[in-house]
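Under full-length UniProt numbering, think of the first position of the sequence shown as 1, with each following residue one higher.
It is worth saying that the hints were derived from the structure and are not from the lab. Where is the CB? At the ideal position from N, CA and C, for every residue including glycine. Hints should not be assumed to be uniformly reliable.
Claimed, not checked - Cut-off 30 Å, straight-line C-alpha distance, at most; resulting in silico cross-link-like pairs (DSS-like, lysine-lysine):
#, residue 1, residue 2
1, Lys98, Lys52
2, Lys46, Lys85
3, Lys73, Lys105
4, Lys113, Lys47
5, Lys52, Lys77
6, Lys41, Lys68
7, Lys72, Lys110
8, Lys75, Lys113
9, Lys105, Lys68
10, Lys47, Lys85
11, Lys53, Lys105
12, Lys98, Lys110
13, Lys85, Lys113
14, Lys77, Lys47
15, Lys41, Lys75
16, Lys52, Lys113
17, Lys77, Lys113
18, Lys112, Lys75
19, Lys72, Lys52
Claimed, not checked - Listed next, with one range per pair, are the computed distances between beta-carbon atoms:
#, residue 1, residue 2, range
20, Thr16, Glu101, 49 to 57 Å
21, Thr16, Ser36, 45 to 53 Å
22, Arg49, Ser17, 33 to 41 Å
23, Glu101, Gln30, 38 to 46 Å
24, Ser17, Gln43, 42 to 50 Å
25, Asp106, Arg49, 22 to 30 Å
26, Asp106, Glu19, 36 to 44 Å
27, Val114, Glu31, 19 to 27 Å
28, Thr16, Ser83, 32 to 40 Å
29, His34, Gly115, 21 to 29 Å
30, Asn109, Gln43, 12 to 20 Å
31, Gly51, Ser83, 36 to 44 Å
32, Lys113, Lys85, 19 to 27 Å
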Amino acid sequence: MSKKNKKHREGIVYSTSDEFEYDYEGQEEQETLHPSEQNLKVQLDKKARAGKKVSLISGFIGTENDLKDLGKKLKSKCGVGGSVKDGEILIQGDFRDKILEVLQKDGYNKVKKVGG
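Could you put the whole structure together from the sequences, leaning on the hints where they help?
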C-alpha cells in the first residue's frame, strides 16, 4: 500500500491479514490524456529545498506509470536527477527552457512557463 493511499483509509484501524487489500471507493486512476490535450505548467521552485532550485512540472492528467515515464525521459534529456511525487515531476536545477523544448517536440502543445 503506498503512502499516498494511507491518508484516505476511513474506519480501518488494523488488519492482521497479509492478503488484506482495502477497497478505495472513487480512487480509480484517470486515463492518460493525449499529449496535445495535456495542460502542463513548468516553473522554478526552491521552497523547502534548502535554497536549491528545481524545475517543477505540474498539471499532468493520467496514470502514475505514464507520469513516471515522462519524468524519466525529462531527467535523461536534461542529464540530471529528479523525482516524481504527488502528481508532479521534479527536475534538479533550472532547466525550464530545455523542458519546454523537449515537451513541445513530444507533442505537448499546451505547455506554459509559469513564474519568473
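Cross-check of the supplied hints:
{"no.": "1", "hint": "Lys98 / Lys52", "verdict": "holds, 18 Å"}
{"no.": "2", "hint": "Lys46 / Lys85", "verdict": "holds, 15 Å"}
{"no.": "3", "hint": "Lys73 / Lys105", "verdict": "holds, 13 Å"}
{"no.": "4", "hint": "Lys113 / Lys47", "verdict": "holds, 18 Å"}
{"no.": "5", "hint": "Lys52 / Lys77", "verdict": "holds, 20 Å"}
{"no.": "6", "hint": "Lys41 / Lys68", "verdict": "holds, 16 Å"}
{"no.": "7", "hint": "Lys72 / Lys110", "verdict": "holds, 20 Å"}
{"no.": "8", "hint": "Lys75 / Lys113", "verdict": "holds, 18 Å"}
{"no.": "9", "hint": "Lys105 / Lys68", "verdict": "holds, 18 Å"}
{"no.": "10", "hint": "Lys47 / Lys85", "verdict": "holds, 15 Å"}
{"no.": "11", "hint": "Lys53 / Lys105", "verdict": "holds, 24 Å"}
{"no.": "12", "hint": "Lys98 / Lys110", "verdict": "holds, 15 Å"}
{"no.": "13", "hint": "Lys85 / Lys113", "verdict": "holds, 20 Å"}
{"no.": "14", "hint": "Lys77 / Lys47", "verdict": "holds, 24 Å"}
{"no.": "15", "hint": "Lys41 / Lys75", "verdict": "holds, 16 Å"}
{"no.": "16", "hint": "Lys52 / Lys113", "verdict": "holds, 19 Å"}
{"no.": "17", "hint": "Lys77 / Lys113", "verdict": "holds, 18 Å"}
{"no.": "18", "hint": "Lys112 / Lys75", "verdict": "holds, 19 Å"}
{"no.": "19", "hint": "Lys72 / Lys52", "verdict": "holds, 20 Å"}
{"no.": "20", "hint": "Thr16 / Glu101: 49 to 57 Å", "verdict": "holds, 53 Å"}
{"no.": "21", "hint": "Thr16 / Ser36: 45 to 53 Å", "verdict": "holds, 49 Å"}
{"no.": "22", "hint": "Arg49 / Ser17: 33 to 41 Å", "verdict": "holds, 40 Å"}
{"no.": "23", "hint": "Glu101 / Gln30: 38 to 46 Å", "verdict": "violated, 27 Å"}
{"no.": "24", "hint": "Ser17 / Gln43: 42 to 50 Å", "verdict": "holds, 44 Å"}
{"no.": "25", "hint": "Asp106 / Arg49: 22 to 30 Å", "verdict": "holds, 27 Å"}
{"no.": "26", "hint": "Asp106 / Glu19: 36 to 44 Å", "verdict": "holds, 40 Å"}
{"no.": "27", "hint": "Val114 / Glu31: 19 to 27 Å", "verdict": "holds, 25 Å"}
{"no.": "28", "hint": "Thr16 / Ser83: 32 to 40 Å", "verdict": "holds, 34 Å"}
{"no.": "29", "hint": "His34 / Gly115: 21 to 29 Å", "verdict": "holds, 26 Å"}
{"no.": "30", "hint": "Asn109 / Gln43: 12 to 20 Å", "verdict": "holds, 18 Å"}
{"no.": "31", "hint": "Gly51 / Ser83: 36 to 44 Å", "verdict": "violated, 18 Å"}
{"no.": "32", "hint": "Lys113 / Lys85: 19 to 27 Å", "verdict": "holds, 21 Å"}
In summary, the numbered hints that this structure violates are 23 and 31.
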